[in-house]
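Participant: Chains as they are written, first to last, in our numbering: chain A, 1 to 235; chain B, 236 to 588.
Keep in mind that the hints were calculated from the coordinates and are not lab data.
Hints should not be assumed to be uniformly reliable.
Claimed, not checked - What follows is a set of in silico ranges between Cβ atoms, one per label pair, in the way DEER data are often shown:
(1) E357/B x N38/A: 24 to 34 angstroms
(2) K365/B x E196/A: 12 to 22 angstroms
(3) R77/A x T404/B: 54 to 64 angstroms
(4) V176/A x T404/B: 54 to 64 angstroms
Stated by the list, open to error - Chain B regions said to be covered by chain A (calculated; three or more residues, Cβ under 8 angstroms):
(5) 260 to 272
(6) 288 to 297
(7) 392 to 399
(8) 503 to 509
Backbone N, C-alpha and C fix where the C-beta goes; we use that ideal spot for every residue, glycine too.
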Amino acid sequence: MENYLELLKQDIRFEEGLNACMNCGVCTAICPAAEFYNYDPRKIIDLVQSGDNNEIEKLLKSEEIWYCGECMSCKTRCPRGNAPGLVIMALRGLSQELGFFVESEKGRQQLAVKRTVGQWILDHGYCLYLEGVGTDLHPEQGPVWDWIQDNYREVFHRLGANYQGEGPGILRKIPVEAMEEIRKIFEVTGGNRRYEKIEYYSKKKAEEMNMKLDEGIDNEYFRYIYKTNNGSHTK
Amino acid sequence: MKLEGKKAIWSEYQKEIADDRFFYVRSCVRQNFFPGSETTFLKIMRKELMKDIYEHPCHTTCTGIGYHGDIVPVETAMTVVARQFSLMTEAGYENLLPSCITSFGLYTEILDTWHHFPEVEEKIRKQLRKATGREFIKPKNLAHASDVIYKFRKEISAKAKFRLINKNTGEPLKVVDHIGCHYAKMFPSKGIGGAEYPYVLAGMVEEWGGKVIDYPERRHCCGFGFRQYLVQANRGFSIACSKEKFESMKPFKPDMIITNCPGCPMFLDRWQYVINEMEGKRYGQNGESIPVFTYEEVAGLVLGYNPWDLGLQMHQTDCEPVLDKMGIEYDPDEKYNTSIPDEKVKIPGLVNV
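Same shape as in the complex, but just chain A:
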């Protein structure tokens, strides 16, 4: 078994986010996720700093580490200057590195984030590509979003966008050489490796769950992880 605490210490955010926790619970008091989910950042930080390897492994496979919204309200309030939100980011990184994320319903959702936001970064140079996302996946966007999508070019033209155009401007086409640099950065710095791990472990899990997982977002496993909520996460 790996020494998980030592692996966590290799993440700069863990080094920055955790000195010594006195377990006061102010982070939990201010935390919006703790209001909503069965979530207690104080307990997580206490467990991590205990160094109990078995317990940390359970944590890395748990639902809990995926409840944080990374608002970083905890960072403002901690009297010791810790940032439980940064520790959560390190835990999530390690959970994906080791393939443990597929053991929880919330963790499995990483494939959905990778195949939407992650893919848009590499294809379009921005984290959102909303031309391709309608009210079927985002019903909360309402009738105005249907109108915007039906009239995408005209609406954006009126508001000064340079939609898919050359040169600077809103929703411009990012030059090919710039996109090549971004993709190369992902290759050199471990971004691609992270994406590949998410895909690899998700495919294994889909097989184990006897679900179909093809490319893209129109398949059984993607729909399942994107929409399923077993109702056990909240208070």
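Using the hints provided, position chain B relative to the given structure of chain A.
Facilitator: Leaving out everything else, chain B in the frame of chain A:
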């Protein structure tokens, strides 16, 4: 100069904001949901304030949403950000001006990490060189676009065609300000007023005639939570956070909400629509919802710009109640006009919020 008294007390809540020559980087969310706000910001900077603000066509996302969605590793995010710095260096600028609070927070976090761990900065420099052959100089000044509007709020006020005042009663409009978590919660000294007394939006509101409302959940997150909104199964968290804020602000009878972050106005706008659809509940006055604005839209209204050039037609929650109170004239028939000649005007199916 030695600072004394109140000046000394408040000095830690001030920040340095460059005066001119800005390198602008766009926002993933603001471009898609509030394109009129970025257009308006550049118009104010160039045409009203006569500032030099440059946009490099090759800049990209900072990866912030992917980073906080935990799919982009920290070193990848740092190297993409280093590339943005390199484009700025190449263009001969030193003052970085992001349009996004998530970006502003990420830039601040990275610069802070590099300050405490110089060996990490050195590693990122090597990685950027290996991937792109690029070098960079770090920004001399980092300010969010709202910081600059705050800095020049008096100049905007001097050109005001309308003020945040109810023309019928002469009373200031009651305004809820929402500054967005990553503006100052992570690094309070980098935001005007810090995390306790954020003044970036309140300063604009007061200068332009309005009155800021204080209410219990003023500092609560809007509910984006990155993966908590991006994945449909988690959106209960997102709407619950917004609802908590609406319930808390309702007794104070706000006329409008002004926002700092690109995502927050979208959530505060759309979740009012959803709560009304689900529960038939609205949080504004006279059976209406509370109009939600970006700070660029509010500045544009104060300067007398056409509301439909600002992009208010892209909101799901109608903004007209505020326009009426301020005495702004507008053509309702023009709202969904797309400005393409001879194009038949199409309107959304059911905009009833």
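Participant: All the hints need checking, so say for each whether the structure fits it.
Facilitator: Structure-based check of each hint:
no.	hint	in the structure
1	E357/B x N38/A: 24 to 34 angstroms	42 angstroms, violated
2	K365/B x E196/A: 12 to 22 angstroms	19 angstroms, holds
3	R77/A x T404/B: 54 to 64 angstroms	39 angstroms, violated
4	V176/A x T404/B: 54 to 64 angstroms	57 angstroms, holds
5	260 to 272	holds (count 8)
6	288 to 297	holds (count 7)
7	392 to 399	violated (count 0)
8	503 to 509	holds (count 4)
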